[in-house]
Amino acid sequence: MTTSSTVVAAPPTVPGRRRAVPWATVLPLAVVLAYADGFWVTSMRGAVGAVGRGQGPFTTWWHESTVLVPVYVCAVLAALALAVHVSDRRHGDRGRAPLLLTAGLVVVAATLVGAVEMAVGAAYDFHLQSGQLETMASMRGDCRADCIERLRQDTWWLQLRATGLGAVLLLVTNLGAVAWVTMFHGGRLDSVRSARARSRSLDARGERRRLLALALVGGALIHLAVVPEHFEEWVAAAWFFVALAVAQAVAAFLVLRWPAPARGLLLLVAALSAGPLVVWAWSRTWGLPVGPDPGVPEAVGLPDIAAGLLELVALVLVVVLLRGVPVAAVRRLRPEHLGRLAVAAVLAVTVVGVASSQAGWFDVVRSESPTSSGMG
Amino acid sequence: MNTSTPSEPQDPRELEPGGVYRRTVLRLGAAGGLGAALVAARGFGGPVLAQQGLLSPDGAFAASSTTLGDLLFYVEAFPTSPLILSPFSDPLPIPKALAPVPVSTFSGWAKPPGPGVGQQNSFGSERHQIWPSALGYPDPIVYKIDLLLRTHSFTTSQVLPIDSNGKPTASFDAYGATYAAGTKRWLPMSTIYGFNGTFPGPRINAEYGKPVLVRFENHLDENPLGLDRQDFGSPDWSFLTHLHNGHTAPESDGNPHYCMTYGPKSTGYGPQTFCDNLYLNWPAGGDDREKQSFFWFHDHRMDHTGSNVYKGMVGLYPIYDPKNGTDMGDERQGLRLPGVRRDNPDGSFDVDYDVPLAFYDCRLDDGVTTHQDVHDGMGEFPAAKNPATHPEWWGKTFYKHFPNHGFVGDIFTVNGTAYPTMVVRRRKYRFRFLDASIARIYEFKLMASTTGPKSSASLGYGGDELEGQYRIPDGQQCMQFTQIASDGGLLPFAIKRDSFELWPAKRREVIVDFTRYQDGTPTTKGDVVYLTNVMKMPNGRMWSNSSRFSPDPNYKVPVLKFVIGDDAPDDSLIPQPGQLLRSLPPLPGNWQSMLDNRLVFEVERGSSSADVEWLINGQPFDPTHVGTSLKNPAGKTPLAQQKRGSFNLWEIRNGGGGWVHPFHLHMEEHRVVMRNGKDATKGSAGHPDDVSREDLTALDPGESVIVYRGFRDFVGPYVAHCHNLAHEDHAMMFGWEITP
Chain Z
0 MTTSSTVVAA
10 PPTVPGRRRA
20 VPWATVLPLA
30 VVLAYADGFW
40 VTSMRGAVGA
50 VGRGQGPFTT
60 WWHESTVLVP
70 VYVCAVLAAL
80 ALAVHVSDRR
90 HGDRGRAPLL
100 LTAGLVVVAA
110 TLVGAVEMAV
120 GAAYDFHLQS
130 GQLETMASMR
140 GDCRADCIER
150 LRQDTWWLQL
160 RATGLGAVLL
170 LVTNLGAVAW
180 VTMFHGGRLD
190 SVRSARARSR
200 SLDARGERRR
210 LLALALVGGA
220 LIHLAVVPEH
230 FEEWVAAAWF
240 FVALAVAQAV
250 AAFLVLRWPA
260 PARGLLLLVA
270 ALSAGPLVVW
280 AWSRTWGLPV
290 GPDPGVPEAV
300 GLPDIAAGLL
310 ELVALVLVVV
320 LLRGVPVAAV
330 RRLRPEHLGR
340 LAVAAVLAVT
350 VVGVASSQAG
360 WFDVVRSESP
370 TSSGMG
Chain H
0 MNTSTPSEPQ
10 DPRELEPGGV
20 YRRTVLRLGA
30 AGGLGAALVA
40 ARGFGGPVLA
50 QQGLLSPDGA
60 FAASSTTLGD
70 LLFYVEAFPT
80 SPLILSPFSD
90 PLPIPKALAP
100 VPVSTFSGWA
110 KPPGPGVGQQ
120 NSFGSERHQI
130 WPSALGYPDP
140 IVYKIDLLLR
150 THSFTTSQVL
160 PIDSNGKPTA
170 SFDAYGATYA
180 AGTKRWLPMS
190 TIYGFNGTFP
200 GPRINAEYGK
210 PVLVRFENHL
220 DENPLGLDRQ
230 DFGSPDWSFL
240 THLHNGHTAP
250 ESDGNPHYCM
260 TYGPKSTGYG
270 PQTFCDNLYL
280 NWPAGGDDRE
290 KQSFFWFHDH
300 RMDHTGSNVY
310 KGMVGLYPIY
320 DPKNGTDMGD
330 ERQGLRLPGV
340 RRDNPDGSFD
350 VDYDVPLAFY
360 DCRLDDGVTT
370 HQDVHDGMGE
380 FPAAKNPATH
390 PEWWGKTFYK
400 HFPNHGFVGD
410 IFTVNGTAYP
420 TMVVRRRKYR
430 FRFLDASIAR
440 IYEFKLMAST
450 TGPKSSASLG
460 YGGDELEGQY
470 RIPDGQQCMQ
480 FTQIASDGGL
490 LPFAIKRDSF
500 ELWPAKRREV
510 IVDFTRYQDG
520 TPTTKGDVVY
530 LTNVMKMPNG
540 RMWSNSSRFS
550 PDPNYKVPVL
560 KFVIGDDAPD
570 DSLIPQPGQL
580 LRSLPPLPGN
590 WQSMLDNRLV
600 FEVERGSSSA
610 DVEWLINGQP
620 FDPTHVGTSL
630 KNPAGKTPLA
640 QQKRGSFNLW
650 EIRNGGGGWV
660 HPFHLHMEEH
670 RVVMRNGKDA
680 TKGSAGHPDD
690 VSREDLTALD
700 PGESVIVYRG
710 FRDFVGPYVA
720 HCHNLAHEDH
730 AMMFGWEITP
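Chains Z and H, in that order, give the protein sequences.
In terms of numbering that gives the first Met the number 0, the numbers along the first sequence are unbroken and rise by one, the last being 375.
In terms of numbering that gives the first Met the number 0, the numbers along the second sequence are unbroken and rise by one, the last being 739.
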């Protein structure tokens, strides 16, 4: 591929301009990489995953790949930020990073995301397969403890090999995908774009507020998404989540409304974030004292992890805003990638959290698992 | 968005010769590459995927998963069997009728058979649901069949050990000796678990109206010959016999989940136990139109059906219809189908010119292929220390559980003999074809050849192309079959066929007239006709070539040699066109109104799991539960439970993935009413037998079949499953139930 040796000339660092995120590069890359990696993740699951988990692979692929696009946006952004950082340190020219460095880092970042997805899937497959082994052994009675352990080890080894080989496949695929996108961009891969400068001090404070509001809205969306299932299990919990979502949405609105949110409002947001976190940790560790199963710890799921993460982010941002980090500490020529990365990360967590709360969207377990009746 | 791009002028240095910017060239290259890849995928991959039913979004993923599994994970390695040097020199064995046990003998047994509580098995825990007297039938004729550990030889010919390229290779023996490449050898005897110690096992010639009770007694723990059991067959030496597809009560039907819940409460009947299987020889509902004509019995032990069948547990059970002499084995009466009946003094009878042909493909160990399968981790056969090679088993049958590929052999046998010869009289014969293979599907033609069989190795073939060992390169079809019956018994009308497919467990009965060729030319003594397989099936997934899909004119594997002999009297007749053989039970006039409430079962591959790979409706076989239908057009997901005496439509779908599935429903035969959404009551392309009754439906890739079936006479649990035994043994089965 001829483009690999291309050295891109650094754009001039013009006073009054800022180094913004090249979304025209980031978004196509993220989409192509997410769907390309998703193909192998889904195919590998079909080859070695838990039985029943490989059904409807096309739907699984486009669901999961779509949900993970924001994660790939994060990966590409992080790679570009790192490329710019390395380039700045080497050349000090405040320009665009070399193509090979940029492309290489994007490939590595995307491969990491894909490999983690594959590893998490493999771990879940192993969990399901282990259970299945015990079920089958109990049915037949000819496979006892040591036999189950041997089968479990075989399964573990199979999943480990699949993850390793899958990572190699992802790496090769991502190399091809990045090369192809680069060709489509005419042999270049922008790591920054030049845009009109804004008031940095205003931007820095505003970004934190906006991020806080986004985290609150993300949490609210996830809590709303789990309301229907809680209505079936425990109505009080459903209403709790409705109230919590409304409170978080109102708080987000208030945070956005004033450029400098009042200390009282920030403390209220802190309570709104810390409270659910404590309740969540309690319910997963010791179980709630009330409800359908008092004192029984609940299972940890993707939606509650996502919501918890967003509440943690909100809490940290409240602390930062309360402390008021001096604006002067921000370097004027720093690229905007990290700020956008934080936004993208919050979006990614939100999307994963909401999608994983919906049956058949980001999992695994067949949504239409038929009920069955005892024999005889 | 990208503010830098429009503001930057094109660099003149990027101009390619001819004045085109390099950037443009790259963009065109990217677009062109994508387009070329799509066209290539469509052009080259499309037809292949279409043939395998994979030309769909899910199919593309299935193909990808399968390829990954094949390339990276599966260890399903087949040995190459040694080349049989003198094929078509052994005579075709034709099993004789088994003699019944005299009343005086079985009445003296410590636990004689009978209708009482506890008399159905050695555990004293079951009774026969319907004793013949309840139907006005006489007491059953009693047979006794012992499960024995014995030996079997597939050929008396010398063999030449060859490798996968067809080249001579080294061989071994049980004493540790190694023989140089090119050394001709005699095969050692293979170890079998056989009904009465033979393969195939006994033949019971049965008749409607005369019930049969077979006591199957397990002696597999006894090893009087000091045989090496090798590393396949049920590891606990248990068995469970299914009369395929007798209209039989659950306790006598060999249902694996019944066996686990009742009777032995185990996966099978262990050593020194017995069960009495009562075969009423009563057509479903007492309806003569439901009479069948050819059953077989085979092992059905959960998880090891394939290995037990492969190890020899196969028996034959033709069933005749004496009513009005319709089909009683006497060509002077009734339909006058070929057959000359000889009643024996022991109460049995044999029928000349009425010949069962049981097809079975096997692999013989080459001593260098590693024995490794998903069962290794389960601690089965610890003495084998698998994964390992076993040169000491060179030349003996090789079997491993290969759930992904299925198991196909490279030596084709008929009635337990590889490439036999049958000297036939110049007259008509009735042949009862049975596919007793694990996964192989055959397509048979009758061919003549002037040059005779040549070994595939000598023709330069290698790898999978060696399967079958011999070919007749100049083979030409010379005769036709007249098909008179399928697995459901006599067809309504006979069908002339150039060839027919035989799927696992299916039966097809044909008449062959050896007096003349299809062009009318008379045959002469000494003429040779080869029964030839023209379906290439390199693995247990599906064919690569057959008459219906991409015929390979070079794949003509002779499996049985007919040599025309002397004339013989012949009172039989070939059914005339339009002559009714047996009426089909009528479909209700409103059958189409039943479609919305049908039960729907989709068979599909799951993914690799230690012992469970194949699913029905997304679930592996659970012996403790009845299955559940997928959502039907009425929006319901009914349980697989039917009231006794009811009828219903069941849909069986092939969920795809590049496999075909011979799907078998126990208890009553069915009738196909729709195939792929089209009315099939008048037949369907590629499946002429759809106009008959069947107990096994052949599902091409991606096909869907709706069958009409009844649930009469008995209550209790039954199973339905894929009869690719590698699939069945790895969970492609569900339980269903008839309720009072």
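Because the hints were derived from the structure by calculation, they are not lab data.
You may find that some hints are simply not true.
[Claimed, not checked] Partial selection, computed: residues in chain Z whose CB lies under 7 Å from chain H:
1. C146
2. E148
3. L159
4. T162
5. L164
6. M182
7. F183
8. G186
[Claimed, not checked] If you anchor each label on the Cβ, the simulated ranges turn out as follows:
9. E206/Z <-> V47/H: 50 to 58 Å
10. D292/Z <-> T260/H: 29 to 37 Å
11. V245/Z <-> N596/H: 29 to 37 Å
12. K630/H <-> F230/Z: 50 to 58 Å
13. E206/Z <-> Y20/H: 35 to 43 Å
14. A387/H <-> A23/Z: 53 to 61 Å
15. V277/Z <-> N596/H: 13 to 21 Å
16. R41/H <-> V245/Z: 22 to 30 Å
17. T260/H <-> W360/Z: 37 to 45 Å
18. W233/Z <-> A133/H: 53 to 61 Å
19. W233/Z <-> N596/H: 31 to 39 Å
20. A387/H <-> G163/Z: 51 to 59 Å
21. W233/Z <-> R41/H: 46 to 54 Å
Yeah, the Cβ is synthetic: ideal placement off N, Cα and C, and Gly gets one too.
A quick look at each hint next to the structure:
1. C146: Since the shortest Cβ distance to chain H is 4 Å, the answer is holds.
2. E148: Hint violated; E148/Z Cβ to chain H Cβ min 9 Å, cut 7 Å.
3. L159: Violated, about 12 Å.
4. T162: Hint on T162/Z: violated, closest Cβ of chain H at ~12 Å, above 7 Å.
5. L164: For L164/Z, the interface hint holds, since the closest Cβ of chain H sits about 5 Å away, which is under 7 Å.
6. M182: Since chain H brings a Cβ to about 4 Å from M182/Z, closer than 7 Å, the hint holds.
7. F183: holds (4 Å)
8. G186: Holds: closest Cβ of chain H sits about 5 Å from G186/Z, inside 7 Å.
9. E206/Z <-> V47/H: 50 to 58 Å: Holds, at about 54 Å.
10. D292/Z <-> T260/H: 29 to 37 Å: holds (32 Å)
11. V245/Z <-> N596/H: 29 to 37 Å: violated (45 Å)
12. K630/H <-> F230/Z: 50 to 58 Å: Given range 50 to 58 Å: violated, Cβ gap about 23 Å.
13. E206/Z <-> Y20/H: 35 to 43 Å: For E206/Z and Y20/H the Cβ distance comes to about 39 Å; the hint holds.
14. A387/H <-> A23/Z: 53 to 61 Å: holds (59 Å)
15. V277/Z <-> N596/H: 13 to 21 Å: violated (52 Å)
16. R41/H <-> V245/Z: 22 to 30 Å: violated (52 Å)
17. T260/H <-> W360/Z: 37 to 45 Å: This hint holds: roughly 39 Å between Cβ atoms.
18. W233/Z <-> A133/H: 53 to 61 Å: holds (55 Å)
19. W233/Z <-> N596/H: 31 to 39 Å: The hinted range 31 to 39 Å holds for W233/Z and N596/H, with Cβ atoms some 36 Å apart.
20. A387/H <-> G163/Z: 51 to 59 Å: violated (26 Å)
21. W233/Z <-> R41/H: 46 to 54 Å: At roughly 53 Å between Cβ atoms, R41/H and W233/Z fall inside 46 to 54 Å, so the hint holds.
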